[in-house]
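Since the structure of chain V is already known, use the hints to place chain Y on it.
These protein sequence lines map, in sequence, to chains V and Y. Under my numbering, the first sequence has 344 at position 330, and the numbering climbs by one with no breaks. Under my numbering, the second sequence has 902 at position 127, and the numbering climbs by one with no breaks.
In short, the hints are calculated from the structure, not lab data. Nothing false has been slipped in among the hints.
Below 25 angstroms or equal to it, Euclidean Cα-Cα: the simulated SDA-like pairs (lysine to any residue) are:
1) V:K72 x Y:V871
2) V:K305 x V:D185
3) Y:K880 x V:M373
4) V:K110 x V:E75
5) Y:K880 x V:R58
6) V:K110 x Y:D802
7) Y:K808 x Y:G858
8) V:K110 x Y:H857
9) Y:K808 x Y:S852
10) Y:K919 x V:A323
11) Y:K880 x V:V374
12) V:K115 x V:R300
13) V:K314 x V:P84
14) Y:K840 x V:Q78
15) V:K72 x Y:E924
16) Y:K919 x V:D344
17) V:K72 x Y:K840
18) Y:K919 x V:Y350
19) V:K115 x V:W190
20) V:K115 x V:A166
21) V:K72 x Y:E935
Here are a few chain Y residues that face chain V, going by a calculated C-beta distance under 10 angstroms:
22) S797
23) F804
24) L830
25) V860
26) G881
27) L892
28) V906
29) P909
Sample of chain V residues with no beta-carbon within 12 angstroms of chain Y, all distances over it, derived:
30) L31
31) G169
32) G189
33) S204
34) M306
35) V374
Cβ coordinates follow ideal geometry from the N, Cα and C atoms, glycine included.
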Amino acid sequence: MSKLVLRRLDRNNEEMLINFGPQHPSTHGVLNFLVETDGEVMRRAIPDIGYLHRSLEKIGEMVQYPGYMPYTDRIDYLAAMFANEGYAIAVERLLKIEVPKRAQYLRAISCELNRITSHLVSIGTMATDIGAVTPLVYALRERELLNDLLEALCGARLTYNYHRIGGVAFDMPEGWRDKVLAYLDRLDSSIQEWDRLISTNEIYRKRLGGVAVISRAQAIDYGLSGPNLRGSGVDWDLRRDVPYGAYPDFSFEVPVGCGWAGVVGDCYDRYYVRVLEMAQSSRIIRQALEKMPDGELTAKVSRKPKPEAGEVQSRIESARGELAYYLVSDGTERPYRLRARTGSFMAMGIIEDISPGLMVADLVALIASLDVVAPETDR
Amino acid sequence: MNTIEIHQKLQEALGDAVGPLSEPKIDSFAVVKADRILEACAFLRGTPGLEMDFLQDLTAVDWPKRSVIEVVYHLYSFPHRHGIVLKVELDRANPVVATATTVWKGANWLEREVYDLFGVTFTGHPDLRRVMLPDDWVGHPLRKDYQEEGGFHGIPNLRENPLVELRRLDLVRIAEHLKANPPPPPPPPAEPKA
Numbered sequence: 015m016s017k018l019v020l021r022r023l024d025r026n027n028e029e030m031l032i033n034f035g036p037q038h039p040s041t042h043g044v045l046n047f048l049v050e051t052d053g054e055v056m057r058r059a060i061p062d063i064g065y066l067h068r069s070l071e072k073i074g075e076m077v078q079y080p081g082y083m084p085y086t087d088r089i090d091y092l093a094a095m096f097a098n099e100g101y102a103i104a105v106e107r108l109l110k111i112e113v114p115k116r117a118q119y120l121r122a123i124s125c126e127l128n129r130i131t132s133h134l135v136s137i138g139t140m141a142t143d144i145g146a147v148t149p150l151v152y153a154l155r156e157r158e159l160l161n162d163l164l165e166a167l168c169g170a171r172l173t174y175n176y177h178r179i180g181g182v183a184f185d186m187p188e189g190w191r192d193k194v195l196a197y198l199d200r201l202d203s204s205i206q207e208w209d210r211l212i213s214t215n216e217i218y219r220k221r222l223g224g225v226a227v228i229s230r231a232q233a234i235d236y237g238l239s240g241p242n243l244r245g246s247g248v249d250w251d252l253r254r255d256v257p258y259g260a261y262p263d264f265s266f267e268v269p270v271g272c273g274w275a276g277v278v279g280d281c282y283d284r285y286y287v288r289v290l291e292m293a294q295s296s297r298i299i300r301q302a303l304e305k306m307p308d309g310e311l312t313a314k315v316s317r318k319p320k321p322e323a324g325e326v327q328s329r330i331e332s333a334r335g336e337l338a339y340y341l342v343s344d345g346t347e348r349p350y351r352l353r354a355r356t357g358s359f360m361a362m363g364i365i366e367d368i369s370p371g372l373m374v375a376d377l378v379a380l381i382a383s384l385d386v387v388a389p390e391t392d393r
Numbered sequence: 776m777n778t779i780e781i782h783q784k785l786q787e788a789l790g791d792a793v794g795p796l797s798e799p800k801i802d803s804f805a806v807v808k809a810d811r812i813l814e815a816c817a818f819l820r821g822t823p824g825l826e827m828d829f830l831q832d833l834t835a836v837d838w839p840k841r842s843v844i845e846v847v848y849h850l851y852s853f854p855h856r857h858g859i860v861l862k863v864e865l866d867r868a869n870p871v872v873a874t875a876t877t878v879w880k881g882a883n884w885l886e887r888e889v890y891d892l893f894g895v896t897f898t899g900h901p902d903l904r905r906v907m908l909p910d911d912w913v914g915h916p917l918r919k920d921y922q923e924e925g926g927f928h929g930i931p932n933l934r935e936n937p938l939v940e941l942r943r944l945d946l947v948r949i950a951e952h953l954k955a956n957p958p959p960p961p962p963p964p965a966e967p968k969a
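Bound conformation, chain V alone:
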């Protein structure tokens, strides 16, 4: 990699080539950036990924349909529930299975809880990355409590393996519902606390406002999705616009960036969209717990499903944008081709073109605000 890039550089003037990562504390996971700087100003930052490539798509061609579910957790370790759900939906569409209502509600609840944990890490590490160390502790405190709840639900704190083809693995444990409701009350007040601590902090707003602006047209052109797309002012959410699972039953708002601290599509917009989304997730979970229907947890699925030949794509709104599984079946027990399109991978593609002219310190803010996670880019 580095050899090729070096050849492309113009070495005549006083430019410096810095390896930013792969072990830099501000890179989210094992990422490398080859940063070409002129003093403190970047000429270009070239992302170099692949340190966590584990050939998850190739593994998908080797295991049977139900056996791939634990692998999906590894696609994104901060938001594993979404990877579970996307894969389950893809196989269900291939097998033409209807998921029981209760399972759909449990899916929505587990995913929204996971969205909150993921966004907490995102905004917490973002604050740390740009120099405010304390907020991360506040975010992780809330996340630990939530991890306890998820552990009670499915037995794991990060790699859940909770969803199954045709439903979910376990029902809510006794008393879990009340614990979640109590937690949500706490979360709503801690979001306010967060706003007082960080979001309305003048230094924080000035640090992020107007930095690394991604315009609406750029965001669409580069295929950004999720909070990054909404941060640029595009009113788009798969949960609302291409509804799946239980989402049509819930009412919620889609926060869209509107230049809270400067320009639409700056780092602050992408950050604050996530904060607002946590409150909406809390709203969805409350509705789901209230309306929770009785019924089966899984549909009847054979142990070795053999879908007919064909292809299918499932799209879900993950914490890091659109997660789409493309499955091709040739009528055997194993997928012929399994492809996961992830939000982080697309977000990495924009960094090289956004970076010219930014300060080196702003690259850190850009990476943090795009919320890229190494396993999701590398798969």
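Just chain Y now, kept in the frame of chain V:
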């Protein structure tokens, strides 16, 4: 607009370069001739009423039996909320197709990934390098006939099952133990009770 209508419009514009819509087993797709794909993409993105501004996914599927690599384009439109799946079929021995980066900038990394893992060359691509694997990696792993080499720069990527070694060690240990502490002779068979 539904997929059938989009497909009709595309066929009107490009004629016989666009194949029929596949039987809607689950998701349907249309095969486009490889030399016209760029035209098809630009048409879908630029025509009012279609405006597929979102290249949702670009990937490939290897079919060694048909000696074909398919490149799959998942297109979607934010303003109109419709989409279509296009495919091109490329010769497996020499897969070459025009890049879509001129239509969507997001195609850049997606095409690099397909180049990396399938070995499809995108002509006109601004930066066609491997994206996940090292530059000097040999082969394209997502091809069906890919054979993994034993190692990479002296780093082995295959190893013996650790259980085999453990079991061997265990057997040696048990044999040594038995040599040092021979087991007591088996007790004489109990006399059957009268």
